[in-house]
Every structure is written in C-alpha cells, then in structure tokens.
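Asker: Chain by chain, the residues:
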Amino acid sequence: MIEKDVVIVGAGPAGLAAGIEASKAGANVLIIDLNIKPGGQLFKQIHKFFGSSAHRSGTRGMDIGMLLLREAEENGVEIWLKSTVIGLFPGNKVAVEKGLENEAKEVVTILAKKIIVATGASENVVRFKGWTKPGVMGAGAAQTMINVNHVKPGEKVVMLGSGNVGLIVSYQLMQAGCDVVALVEAAPKIGGYAVHAAKIRRAGVPIYMKHTIIEAIGDETDCVKEVVIAEVDDKFQPISGTEKVIEADCVAIAAGLKPTVELTRLLNCEFTFNGVFGGFIPLHNKNMETSVEGVYVAGDATGVEEANTALEEGRIAGIAAAQSLSLIADKEAEEKKDAIWKRLEMLRLGPFGERRLSAKEVVLAEYLNKVGMPQAEIKLKG
Amino acid sequence: MSEIMPDDMIVCRCEEITVGEIKQSIREGAKDITGVKRRVRAGMGLCQGRTCEKLVQQILCSELNICPEQTGRSTARPPVRPVTFGELAEGGVV
Amino acid sequence: MALENTGYLEYEELVQIQTIPDEERFKKGAVAVIECVQQIPCNPCEAACSRKAIIIGNPITNLPIVNGDECTGCGICVSKCPGMAIFIVNKVHSETKATVAFPYEYFPIPTEGEEVKAVNRKGEVVCDGKVIKVMNPKAFDHTPVITIEIPKEYVDQVRSIQRRRAE
Chain A
1 MIEKDVVIVG AGPAGLAAGI EASKAGANVL IIDLNIKPGG QLFKQIHKFF GSSAHRSGTR
61 GMDIGMLLLR EAEENGVEIW LKSTVIGLFP GNKVAVEKGL ENEAKEVVTI LAKKIIVATG
121 ASENVVRFKG WTKPGVMGAG AAQTMINVNH VKPGEKVVML GSGNVGLIVS YQLMQAGCDV
181 VALVEAAPKI GGYAVHAAKI RRAGVPIYMK HTIIEAIGDE TDCVKEVVIA EVDDKFQPIS
241 GTEKVIEADC VAIAAGLKPT VELTRLLNCE FTFNGVFGGF IPLHNKNMET SVEGVYVAGD
301 ATGVEEANTA LEEGRIAGIA AAQSLSLIAD KEAEEKKDAI WKRLEMLRLG PFGERRLSAK
361 EVVLAEYLNK VGMPQAEIKL KG
Chain B
1 MSEIMPDDMI VCRCEEITVG EIKQSIREGA KDITGVKRRV RAGMGLCQGR TCEKLVQQIL
61 CSELNICPEQ TGRSTARPPV RPVTFGELAE GGVV
Chain C
1 MALENTGYLE YEELVQIQTI PDEERFKKGA VAVIECVQQI PCNPCEAACS RKAIIIGNPI
61 TNLPIVNGDE CTGCGICVSK CPGMAIFIVN KVHSETKATV AFPYEYFPIP TEGEEVKAVN
121 RKGEVVCDGK VIKVMNPKAF DHTPVITIEI PKEYVDQVRS IQRRRAE
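Protein chains in written order, with the UniProt record's numbering: chain A, 1 to 382; chain B, 1 to 94; chain C, 1 to 167.
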C-alpha cells in the first residue's frame, strides 16, 4: 500500500495552499484532483481579485493559480490529476480511482497519516418550467465553457441571480462575445458587490430586481429560445400579469453554492447546518481539524466563501497537519496560524464579510461545545 | 402556483423523478431526504443527489412546513463517485 | 442606496457617499474620481499610486480618498482597481470639451481617433465621443484605459462607451 504523510483531496486554492505548507515543513504530500488541470476554480477566474496587498489583490485569479502551482512544484508536492477519491475508510485509508497515462483508470488504496478534505462546493439549481432544457445551466458551467474551453454557451444569455457569481459571470460572458440580455434577481437588493453590478450596467445589461424566471421555452429541437420572467411579491411568488418574454438561447443560474461534503459525511464527522455557509458543513476547530482526529477540512468544503479565504484556511490545515506530525515546532506553528487567522479576520470585514466572520465564530464555538477534542477513531456510520 | 410548478416537472434528472412523484411520496409518509429517496429513488442516480437534493429539500419544506435543516441529508456511501466494477475488483480496495 | 436596487449610482448619490475632488481641483485639470461606495476589504488602489495620492489606511474596508494635491491623473489606479470603479476626469480639456478615462476590457479595443458612443452609469448613450488615448502597457495587465473627449456638459454622467461587437 502506498503511504503518505498528508493526502489532500482537491487541488483548488485550499488544497494547493495546504500542500505547500505541509510540504514546506517536510511532509510527504500527495494532492488528488479529478480534473485534467490543477487549480480548482482559480483558472476560470480571469478577473482581478479584491483584497489586500498581502493577498496579491489586483492580480487575476488565473495568475494567482499559476503562482500557487509553481510554489507547489518548487516544494515537491505530488499531484495526481484525473484521479478521484471514491472513499475514505477507517485507519486513514484513502481509496482512489487513479487516472493513468493511457486514459485508463485503476483503483488504489493509500495509507495517509493525515487527510485534508478540500473538495470545494457545487452549484445550486433553481427549478422552473423548462429548467432541464438544453441551454439552461449553472453560471459556473457557463464560466467553464467560456474561460476554460473557449466555447460560447449561447449568444443571448439570461442570468438568474445577482450575487458576485452572477455579476462576474455576466461580465465575462460579454467579454467572451455573448450578450447578457437580462439579469434577473428575486430579492429587492443586489447580492454581490455594487461595483460588479455597476460595470455590467455600464455595458447595458438590464437588471430586473424582484423578478424571477417562470419558464424557459424551447424551439423545435427543445433548445431554449425564449425565457419568461415575472415580478415577484414579498413572498417571492410570481405576480400574474407581470410576465415578460425575453428572446434568449441560454439561461445561466447563479443561485449560490453548497459545500461538497460526501467524504466528511462518510467518516461520520460531526456536522452543523449554517445558512450563511451554504448548508450542512463539517464542524472544525481553529486547526481546521474535524471531529475525527487527523482529518482536516479547508475552503468551500467548510462553508462557501471565496478564493482568498480558501487559500488561508488551506494554509492553516497544512500547518496544523505538519504540526501534529511533529514536523514543525509548536511555537512556530502557533505563530503562523495566529497570523493567518488575523488575515482571515481582515478578509471577513465590512458589510459583506461580517456575516461570515460571525458565522465562523458560531461554528468554532459549536465545535468546542459538541466535540471538545477530536476523537482518535474514525467511526463509520453503521 | 401549480401552473408554474406543474406536477410533471422533472426534479431528479438522473432518475427522472417528477414534482408529483415526490409530493406523492411525502403524502405516503416521507419526512426527509432519505424518506423520499427510499420511496421514489430521487437522488439515487449517477450524481447521487448533488443537483436535486436542494430541490427535494424545498419541496419537503413547503409540503411539510419545516425548515431545511429538518430535512436531513442522504447517507453518503462509498464509492462517492461512479467507478466501474472492473476497476474496483482489480484494485482490491481495503 | 439606489445602487443596491438598480446597479448604478446617481451622481447626486455618489457625491454624498464618496469624497470626490472639489470644483477648485477640477479647474486644475485631470484627477481621479473614485466611485467605490461599499466597505469592501480591498486596497490595491492605495498601493498602485506612487505619489500616495489615494488613502485607505486601517481598516482596509475604509473607502478610498483621493488627495487632489498629489493626484496627477496618470490613470495607473484605473487599471489596478478590481472593481473598475476609478475614472480620470478632466473638466478643462478645452473650451468646450472634457475628457473621461475608464477601464475597458472588451474586444475590440477602441483605437485612438475613433468616434464612439459615450454612455452613462446606466449604459444609456448620452452623447458622441472621440477616443483620444488608449493606454495598454504590460503593467496594466490587460486592462486598457481609454480616454475619450466629450462635450463638457456630460462630464459628470459619462463613464464608458457603448460596447461594440467583434467581427
């Protein structure tokens, strides 16, 4: 059986940062990712990031991805691509469907001293009549099409949702040469940063607040050709008589994300429900360790936030894992983690961040209450 | 409401389960995600509920007048992603 | 804030929330106008200015303030702002014309001398304009800064140009 000090699931910003830190401390690190390229969502982020100079703000996400990859490489982090973790088992065993050179796959088991789960999040859908028709997709999927595969998802796009994903992907669709013919938002207020909304308004995108999509109408091949929107009341119910028909061949849904948690579920980690973070998340402490000893979490898999917070949480998990392997002196590790928690606090400031700051405090406090100390045994659900 | 959310609307794409079938399973006693899954297979397909779980949750919430955290979550079981029997057999996992 | 309901700022609203240069400063020529009105943890504009004319300080969520005495209207901050919320406004370009510089990340990139349709914060065409400068050095990292000349009376409204389509 292959043995590793630290096995990390997911090569996005959290996983890469965790790998870099653990490897720097001298751990033998393997990162496993199911995609053909590492970087997670970073290489789709062609826009310049917000944040402080300490977080390389003003740099495009894809370039931050390149810097992280180089750093991982320089520190000797091993990455398996096109490889999927299909299960975690008692005794810290990681079952992997490993992608081979010739497109074949083989299943291997790895014995890991520490496991870091950085599996990110998946998109929420919204159902309306015709939501399964060709042309209706997640905003993240549309973003992958334009920024990774260089294929337009349609010529005329209706975007549903005014969070940062909806606003940023609308902008990028126009950069790719599509027209965004409407941005539809059920709430009375724009969810994302006003500056993102302002730049798509300047580009002429009509924003329909307090509206929703009630139907996507297909053409003779069933592909979307028209989208019916309507105004909603205070209970988000469509008001009849307010329908408008918009000609469009694509609907992108930006209705938020939910953490990807099957692997931590599998280990029977303690969970909590947190609306701010997108649903059920594994409880964790300030080491990013779950209720199961030696199993850590980082990034969106611990609650949906953004790339910079994912990066910083990954660093903490990487340092903590190395510390518990006695690869870093306790004093040095504590100082490093404290500095990162301070930077995280800065990222969770302001009217947009403070909800996440207090939600994180709730999660950490609940861990102390419910778990106290992580338990040594991985308990499989009976 | 039924006009814009008709009973024949697909909710679970993998298993082609409709709004109507899910509502029926709730009338028959399903109280959470697992209950719906056991009765009508919503969430048992290729994606293992990654897409439809939230939609099933919404229907449970509105039909039973409960909040999302009361709908529970389906049990995770290995393999968490699809894998062929051949690969599994050769690998001799665990 | 109307911006949160509509996606754009009214000029009157902007001047209430954000500190923008006074009319005395505008009489002296080009200067940065920052339309950043929410407390976002973000400060690359502060680091971008070698003359330290943009101040955020601590906490990082402070709104940026332009020191009009130090700002030369060079436009480097325009390319650095991730929110594309900085504009260079010159109200005394000529007797009748003013200029506005803005970030523009769409293809095709306009060229100097080109006639364009100038738009306001809502994306409505308000007047004709002419591109007089296109800055796109490597340091701007693919965010070209376009300067257009427009009739003076539209200077507080115009913030971009109508997006054109690639052939």
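The hints are simulated quantities; they were obtained by calculation from the structure and are not laboratory data.
We treat Cβ as the ideally placed atom computed from N, Cα and C, and that holds for glycine.
Be careful, since some hints might not be right.
Stated by the list, open to error - Residues from chain A that keep clear of chain B, each with C-beta distances beyond 10 Å, as calculated:
hint	residue
1	E106
2	G192
3	I214
4	T260
5	E262
6	A333
7	E334
8	E366
What the hints assert, rightly or not - Think about it this way: if two alpha-carbon atoms lie no more than 30 Å apart in a straight line, the pair counts; the simulated BS3-like pairs of lysine-lysine are:
hint	chain 1	residue 1	chain 2	residue 2
9	A	K152	C	K152
10	A	K235	C	K138
11	A	K156	C	K122
12	A	K225	A	K113
13	A	K37	C	K122
14	C	K138	A	K225
Asker: If a hint holds in the structure, say so; if it does not, say that too.
Answerer: Cross-check of the supplied hints:
1. E106: Violated, since 6 Å does not exceed 10 Å.
2. G192: holds (20 Å)
3. I214: At roughly 5 Å from the nearest Cβ of chain B, I214 of chain A sits no farther out than 10 Å, so the non-interface label is violated.
4. T260: violated (8 Å)
5. E262: violated (4 Å)
6. A333: At roughly 31 Å from the nearest Cβ of chain B, A333 of chain A sits farther out than 10 Å, so the non-interface label holds.
7. E334: holds (34 Å)
8. E366: Given a closest Cβ separation of 13 Å, the condition holds.
9. A:K152 - C:K152: Given pair K152 of chain A, K152 of chain C is violated - Cα atoms ~39 Å apart, limit 30 Å.
10. A:K235 - C:K138: With Cα atoms ~50 Å apart, K235 of chain A and K138 of chain C exceed 30 Å; violated.
11. A:K156 - C:K122: holds (20 Å)
12. A:K225 - A:K113: violated (53 Å)
13. A:K37 - C:K122: Roughly 39 Å separates the two Cα atoms, so the pair is violated.
14. C:K138 - A:K225: violated (41 Å)
Violation of the numbered hints given earlier is confined to hints 1, 3, 4, 5, 9, 10, 12, 13, 14; the remaining hints are satisfied by the structure.
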